[in-house]
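Peer 1: Just so you know, the protein sequences line up as chains W and F, in that order. My numbering puts the first residue of the first sequence at 1, with every later residue one more than the last. My numbering puts the first residue of the second sequence at 10001, with every later residue one more than the last.
Be careful, since some hints might not be right.
[Claimed, not checked] If you anchor each label on the Cβ, the simulated ranges turn out as follows:
(1) 112/W / 10451/F: 54 to 62 Å
(2) 96/W / 10197/F: 56 to 64 Å
(3) 31/W / 10173/F: 43 to 51 Å
(4) 10093/F / 128/W: 18 to 26 Å
(5) 10909/F / 5/W: 51 to 59 Å
(6) 113/W / 10785/F: 45 to 53 Å
[To be verified] Derived lysine-lysine pairs resembling DSSO-like cross-links, with alpha carbons at most 30 Å apart:
(7) 10460/F / 10227/F
(8) 10760/F / 10133/F
(9) 118/W / 10788/F
(10) 10760/F / 10359/F
(11) 10788/F / 233/W
(12) 10822/F / 173/W
(13) 10233/F / 85/W
Note that these hints are calculated values from the structure, not bench results. Here the structure is a predicted model, which means the values were calculated and not measured. From the three backbone atoms N, C-alpha and C, an ideal C-beta is built for every residue, glycine too.
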Amino acid sequence: MPQVFNRGANGLARMSLVILGLVVTSLALTLNELQRSPYVTRQGERLEQPVPFSHQHHVAGLGLDCRYCHTSVENSSFAGIPPTKTCMNCHSEIWTNADILEPVRSSYRNNTSIWWTKIHDLPDYVYFNHEIHINKGIGCASCHGPVDEMPLMYQHGSLQMEWCLDCHRNPAKNIRPIGDPIFNIGWKGPSQDNQVWCEQGTGDCSLSGPYLQKSGKPMLKPIVFTDQMTLGKYLVAQYHVRTPNEIQSCETCHR
Amino acid sequence: MENHTDNLVQITTTPKRKLSLQEVRERLSAAKGKAYWRSLEELVDAPGFEELLENEFPAGVTEFPQESGVSRRNFMKLMGASMALAGLSACTRQPEEPIVPYVRQPEDLIPGVPKYFATTMPFPTGGIPVLVKSNEFRPTKIEGNAMHPASSGATDVFAQASILDLYDPDRAQNSSYRDQRRNWGDFHDAIDAYKVKAGASGGAGLRFLSETIISPTLVWQMQTVLKKFPSAKWYQWDPIHRDSARSAAKQMFGQYAEPIYNFEAANVVLSLDADFLYASYFPGFIPYARAFTKRRKMAEDTPMNRLYAVESFATTTGALSDNRLRMRASDIMVFASALAAALGGGGGAATGLSDDEQKFLQAVAKDLKANAGASLVIPGEQQPPELHILAAQINQALGNIGKTVSYAEPPEVVPTDQFAGLRELVGDMNAGKVDTLIILYGNPVYDAPVDLDFEGAMGKVANNVHLSLYRNETSRVSQWLLHGAHYLETWSDARAYDGTASLVQPLIAPLYDGHSAHELVALFTDTPEMTAYQAIQTYWQQNGKAAGDFATNFRRWLHDGIIPNSAPGAKTLTPRAGAPTITPLAKDAIEVVFRPDPTTYDGRYNNNAWLQECPKPLLRLEWDNAAMMSIETAARLGFEQEDVIRITVDGRYVDAPVLVVYGMPENSITLNLGYGRYFSGRAGNGFGFNAYAIRSTKTPLIAVAEKLEKTGDTYHLAVVQNYTLIKPHGDPKWMNRSVQGAEAVRRDLIRVASYDQYKKDPDFAHSQTFDEDPQSYDSLYPGFDYTKGYQWGMAIDMNSCVGCNSCVIACQAENNVAVVGKEQVKIGRDMKWLRIDTYYTGDLHNPRAFFQPMLCQHCENAPCEPVCPVGATVHTPEGVNTMVYNRCVGTRYCSNNCPYKVRRFNFKLFSDYITPSLKPLRNPDVTVRSRGVMEKCSYCIQRINAARIQAEVEETRLQEDDPTAERKIRDGEVVTACQQACPTDAIVFGNINDPDSRVTRIKAQPRNYGLLTDVNTRPRTSYIASVVNPNFEIGDRTDMPGKTFIGEQS
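Okay, chain W solo, but in the shape it has when bound (with noise of 0.2 Å):
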């Protein structure tokens, strides 16, 4: 009986399993940029909104703080979507007529809601909770990104666990002394020539100069930050934080 393959043969199987071996490394490799790649966690889309509400002409353009509109951020899992009856606080003084406003007038008038795309989205699983991040030092940038140049808003990160799991495993990364830097959507953190000072032993900080927040009086004994890990670790023990080994447990986001 004569051969069925030739020597060439042997060439191919080996070449075959080569590019079996290539091609399963190549789809698991792509598998994995994809299932993190903006495609699936929509990180960077700008989703269509009934209206085409500027962050940045509110926020850096006329100032408002986040609070204005987000209530119950400090008190609530939820930071709170603003009612229509915010928009029309000043939006039945100014740009009255203005076209692009009509969802928001006309859901004024006929007491119906506006129906917003959700931007950050997280699983259902998942049960974030706005109130304690805020209390405990950690400012809205660190999650939602620079707000304030955001013409249309946008996802900043990518929401993935592997994304919360990086500042809950160093929390001093992000950290902000409470008060204005946590609504403050431009602070960058403490530098050389921007200083922190905080009273030692307490969670007391001030970006303007040695004085206590509340009282105005001078700090007894300010220690001077300019990098944000050394004020982050700080304000982490200041704060008492839980240990990352505690905020990491499942049972923090997940139930």
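Position chain F against the provided structure of chain W, taking the given hints into account.
Peer 2: Same frame as chain W, now just chain F:
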């Protein structure tokens, strides 16, 4: 399973081959009784039982049900290839979701923060004051109102489940006239026209039929109508009414009065068929259970009380009792009469009592006498008036009245003789004297005495109007159906069992625009537009007894959920002497006793799936009712378990399956009401049988069976007692018992001593040679330091647990636990996180039962954790064993490795993701689990997290002023759902690292013990051993405590 083939898979219900009751009796007489058992199958080593031990779930449970035509195994073969790609599904993008803000946000609303509002659940025996959790103004959970003494913060099983009725998709959603859709305005017009017509005759043809009304405002409105239409009449009807108690009061005092019991002052309590330890169908259950168990917590200054129960059924009260006598319901009066004679309170001689009964009677009489003035005799609600009279006379003879018994106004504002009333109404209807019948809630076509033929009488009335939450049997034959408002949707008021009034306020606008009885009755007055809110305002403005501004008072009442000083004062009454005549039932006659069902009550909760799937106490039966009888009676009559029998009473019959109940008297059959409905809804239709079909005006409480015969059919009952068992290991002697049966003995799951023994040796739960130290402390895994921070733990007092099921439903409501349906229950897929294990011990015919609430034990060395291949169940640093649903892939290894069998698996998509009306019901803080996911008790981790966040945020705010301020979670800030609902305070939860916390102090008691600690699981949940206080003159029905320990028996 050996008998299955790949394409035909049978799901066996257990046991595979049933033993006949005759065989059971033979085996029982041969075998020495086991010390503890869970069910008959276990007791007699029934075939198939061992299989239940081997497999956690009944065989075949993991297979696809046959109807789908393909077995799971086949499915896996076919799908093998495509499964390889399943991992990719994790890469799907999240769908875009809308977020919808208010147009004008309510000023006091913080989105995401729940609010609590006080209101009252109306119930025929008195309102139950509750506090309702409201998430963004949708009610999600019922809690007790701690400010009202009728609740003290606890609820009963009906109050917990009532929230599901609000969202029930089967509610009537619109009104109709002759099946044509109408609205409220149409009805308004019709009534306006009718008023003009009826005005001339004074409303001679107008009749109102309501449920028992406990709302003073509604009665005031009703009386206004009756003034306007002097010839109109108003009747009240509830199938579980209190005619016996009322008629007894009338005979004794010449006026209506409600006895109020003071359990805390009673050293000895005798229950004469009174089931006061299960739910509010005994008026005052919550405060009574709390007061009763206060005397059983072994506090140093309060000696333990003693409970005697003489009863005709197996109730939780009887299970808790120290001495129990089983008697036919009709014989209990004979006993009471003899007891009255023995105590000098009238009554007749003890005729026809057996020696045992005589012995019991003498001992009870002696004990009661010794505790005169500090004892209590309670008559059963389902007993005739004569027994109520006898009980009052005994209390009088003992000098208890004024000390442990006092009298007050009944909670129903206008007490009536409901049977007489209904008879009169039906007479008028049949005589053609009624042209318009207004039925306010209730369901008389279903539950009125069968001989009155209410449906036929309705046919003779031109206009039947039914205000109802459901389109039920009565609405079906009414011309008008008006869809009603649930109590969470309307304003009203209600009186509690002791007469204290409180307001009912709406938690949500009526979901379907339903209207309340207040608004309907108002249509007949001169102010037809009066809303329910205006009605209660008007009434209380005139009748509120508080000084000062009404508006301020009203807000205070609303906030507190109680109207102070609204209880009509106590009455000083003396029962008249003179023994009532009693006619004993022939010894060999078989009585049929009608009782409210422990879960569907009189049928009103028939469509409540939580209650349908709540195991009835002791019976552990779900979804059905049954003809319940003792094993001897069943065997003598030749009936087997689940045989359908025909019960004939007075020429009428009903077919019902037989269920053998331990501890029932001979020649007695109990039928629970509230089943066998066909116009109920998807949860209730077709389950059980309708006992009303043989309940007539002649024999409303106890009937005599004319004939009992097998129909030849069998009917499967879903009894959950045999599930969640595992096979014990070790000594072959114990091999064929469940962990709960055998280990209860071998490893002392139940530890108990008599009161005397406890006083001698308070450490009895450990001083015996119990197998509780682990043989080895070795672990493959490094230990974890649990000495720092919060460490959560729970203690459950076995002596206080009355098995009332409140915690079971509270857990279901809090944690979004799914209902699975009868078929799934039958194959052991019940999802409840918390179950109340019931253990029997002693004499099969009159056993003692123990209740052991069983939930995840949160072992420090949790056996479930190392076997999970994906780390979906892990420990938190605070010692909670937590489930991560999104990691779970459903291998069920954890469940397999759990010695306590507390893990529940979603074999199917049990959670309802589709029905829109059920969505607002869910607790937003707990994940709704999908198919293929394991779940279990989380120690209410959402409540722990909420308390922690609150404490930490408050700390931050305190530090603004004082940088060194600390704010820890305080003891009592984290309350689990089961703990909160518990009427007897049996469950305590807290930080076991805090030496001053309540849970630490309770766990420090010598009676504290853990379950299966010998396998080194180190459970965080512990139990407080039982102490029973039997009167040894009678002997104990378990022939154990005071002599030897149960653990020593074999």
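Peer 1: All hints are to be evaluated individually against the structure, with a verdict given for each.
Peer 2: Hint check results:
Hint check: residue 112/W to residue 10451/F, Cβ distance near 57 Å, so the stated range 54 to 62 Å holds. Residue 96/W and residue 10197/F have their C-beta atoms about 57 Å apart, which keeps the hinted 56 to 64 Å range intact. Hint check: residue 31/W to residue 10173/F, Cβ distance near 48 Å, so the stated range 43 to 51 Å holds. For residue 10093/F and residue 128/W, the hinted distance range of 18 to 26 Å is satisfied, since their beta carbons lie about 19 Å from each other.
At roughly 52 Å, the beta carbons of residue 10909/F and residue 5/W sit within the given window of 51 to 59 Å. In this structure the hint that residue 113/W and residue 10785/F lie 45 to 53 Å apart at CB holds, the actual value being about 51 Å. Under the criterion of a C-alpha separation no larger than 30 Å, the hint pairing residue 10460/F with residue 10227/F is consistent with the structure, at around 26 Å. Of the pairs offered as hints, the one joining residue 10760/F and residue 10133/F is violated, with about 47 Å between alpha carbons and a cut-off of 30 Å exceeded.
Restraint check for residue 118/W and residue 10788/F: the C-alpha separation of about 40 Å exceeds 30 Å, so the hint is violated. Between the alpha carbons of residue 10760/F and residue 10359/F the distance comes to roughly 28 Å, so the proposed pair stays at or under 30 Å and holds. Note on residue 10788/F and residue 233/W: the hinted pairing holds, with a Cα-Cα distance of about 22 Å set against a maximum of 30 Å. Between residue 10822/F and residue 173/W, the direct Cα distance comes to roughly 54 Å. Violation of the 30 Å bound is thereby established for this hinted pair.
Taking the CA atoms of residue 10233/F and residue 85/W, the gap is near 53 Å; set against the 30 Å cutoff, the hint is violated.
Hint compliance for this structure: hints 8, 9, 12 and 13 are broken, all remaining hints hold.
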